[in-house]
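Novice: Starting from the given sequences, assemble the full structure and let the hints guide the process.
As you go down the protein sequences, you meet chains A and B in turn.
Here the first sequence stands for residues 1 to 273, where the numbers follow my numbering.
Here the second sequence stands for residues 1 to 273, where the numbers follow my numbering.
Don't take every hint at face value.
Copies of the same chain look alike in the list, so a pair counts if it fits in one copy or across any two.
[To be verified] Subject to a maximum C-alpha distance of 20 Å in a straight line, what follows is the list of computed EDC-like cross-link-like pairs (lysine to aspartate or glutamate):
{"#": "1", "residue 1": "K14", "residue 2": "E220"}
{"#": "2", "residue 1": "K159", "residue 2": "D129"}
{"#": "3", "residue 1": "K109", "residue 2": "D24"}
{"#": "4", "residue 1": "K27", "residue 2": "D114"}
{"#": "5", "residue 1": "K70", "residue 2": "D37"}
{"#": "6", "residue 1": "K128", "residue 2": "E165"}
{"#": "7", "residue 1": "K175", "residue 2": "E260"}
{"#": "8", "residue 1": "K77", "residue 2": "D204"}
If you are wondering where the hints come from, they were derived from the structure by calculation, not from laboratory data.
The primary structure of each chain is shown beneath.
Protein chains: 2
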Amino acid sequence: MTTQQLVKQILKKKSFLCIGLDVDLNKIPQHLLKEEDPIFAFNKAIIDATHHLCVAYKPNTAFYEAYGLKGWKALEKTINYLNNNYPELFTIADAKRGDIGNTSSMYAKAFFEDLGFDSVTVAPYMGKDSVEPFLAFKNKHTILLALTSNVGAYDFQTKNIEGIELYKTVIETSKSYNNSENLMYVVGATKAEFLIEIRQMIPDSFLLVPGVGAQGGSLEDVCKYGITKNIGLLINSSRGIIYASNGENFASEASLKALELQTQMELILKQLL
Amino acid sequence: MTTQQLVKQILKKKSFLCIGLDVDLNKIPQHLLKEEDPIFAFNKAIIDATHHLCVAYKPNTAFYEAYGLKGWKALEKTINYLNNNYPELFTIADAKRGDIGNTSSMYAKAFFEDLGFDSVTVAPYMGKDSVEPFLAFKNKHTILLALTSNVGAYDFQTKNIEGIELYKTVIETSKSYNNSENLMYVVGATKAEFLIEIRQMIPDSFLLVPGVGAQGGSLEDVCKYGITKNIGLLINSSRGIIYASNGENFASEASLKALELQTQMELILKQLL
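Specialist: Rendered as structure tokens:
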């Protein structure tokens, strides 16, 4: 998917919501456990109930790998279901991969070719040759970890590296990578005020923003400091939406939570455009 | 597996060799492609031919994920085969994972519980709360990326962060993590001279050292600067061993390459002990 197609979808749906599909069998409605594939059954119901309110879905691979082969199968079924039924939706494999060049190529192949995701999150610690193999794929997007939403972000990311914070060094350096136009960045909603300086460095790049909801980030603050003329934001909510209820009505309750966020986003877009 | 059991195995086998199982279907002997599961057939033959010469196996998950469901299945069969037939061998999931706390817990569950690996490699960029969930598992080991073997290591890892290089900050900080006795570290063989200062910080920790062979690192230099009284090194070779031949004799040729390295290690141990 091209960035233009993503922007078009945002303007049409009046939403820049991304829904995180982090499926934990201990948290989903217990009646689903009778299904042949409870993880996929859960995702399918959530997707069918919310696809008109969001522009992206983001399964975090950890939650699938934890269930081994059946988890990986559920991930494959979920991305296939999205690509076959809702091809306009942007898909993110939240995998936080990254390795030496020939190995990163294999990860890129896994997520872009084998599974067919539009994008994958990548960790920057191993530098340029660990990221560029992902960037080589046309109309696929590499979402680089810059400033994450967790407390541990202060351990290294915000530390000064030769006079400039590490996360800024990561962003600045990445702009010179081959095919850097395929880059997006992860910036946690819990650190909205950091967006002022981040936008000076990357005024147009799309940002994937986790941390609204369960982690305490504010949608208003993120938009105030991070929104661009092409919107440039994908705001992720996982637990706050998909676990709104664990009864039979889980999908419709999830849809109500998604509608709440979409309504706030529509208001923000109205003020902006 | 405990560290003591690993050391005991090293002394018994006179080897601290780790073999990387990075299986690429384009590189394995073509006659194996007729097998029902060529990846596992290749691994099984390599393991059977080399298990007495090495103390650890390290499948890199990228090479399995690239083949989707059948790749993950081959990974599962490989670790099961190792655990059932050669339980004395140390197993490493080279996965370079790391995410916010509750997500890292799922990755730990995936590799330690579901698959049953002894250890997993973890990227440090997201800080303490992304690493500690792995450390919570008793007799399991978390191998933190410190200084990697690739060129991109110079992009961030060797840069000064408030007066000290980032990779040293990572090592120093990690020593205060809960259950830090379960930590090992990745240090690339291509940067052997860095081991002098690394050993001042972590005199006893085990290091996983990739980059001998195809990437150009020297076994002698790594041992000169990195070996400890408990050896403290796992030297990895992947391509140099497993792709020694792509004919029918691939397993015996791999075994010869492993023997070469084991012989050098035996000599080094003899001088040391």
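Novice: Regarding K175 and E260, is the shortest C-alpha distance of 20 Å or less found within a copy, between copies, in both, or in neither?
Specialist: Intra 35 Å, inter 44 Å, cutoff 20 Å: neither.
Novice: With identical chains, the pair K128 and E165 could be close in the same copy or across copies; at 20 Å between alpha carbons, which is it: within, between, both, or neither?
Specialist: Both: 18 Å inside a copy, 18 Å across copies.
Novice: Give the relationship of K77 and D204 under a CA distance limit of 20 Å: within one copy only, between copies only, both, or neither.
Specialist: Answer is neither: 33 Å inside a copy and 46 Å across each miss the 20 Å cutoff.
Novice: From the Cα coordinates, with 20 Å as the cut-off, is the pair K27 and D114 best called within, between, both, or neither?
Specialist: between (29 Å within a copy, 19 Å between copies)
Novice: Within a copy, between copies, both or neither: which one fits K70 and D37 at a CA-CA cutoff of 20 Å?
Specialist: both (8 Å within a copy, 18 Å between copies)
Novice: How would you label the pair K109, D24 (within, between, both, or neither) given a Cα cut-off of 20 Å?
Specialist: Cα proximity of K109 and D24: across copies only (12 Å, versus 26 Å in one copy).
Novice: For K159 and D129, with the copy left unspecified, which applies at a CA distance of at most 20 Å: within, between, both, or neither?
Specialist: between (23 Å within a copy, 17 Å between copies)
Novice: Please sort K14 with E220 into within, between, both or neither, judging by C-alpha distance up to 20 Å.
Specialist: The answer is within: 16 Å in one copy meets 20 Å, while 62 Å across copies does not.
Comparing the model with each numbered hint stated earlier shows that hints 7, 8 do not hold.
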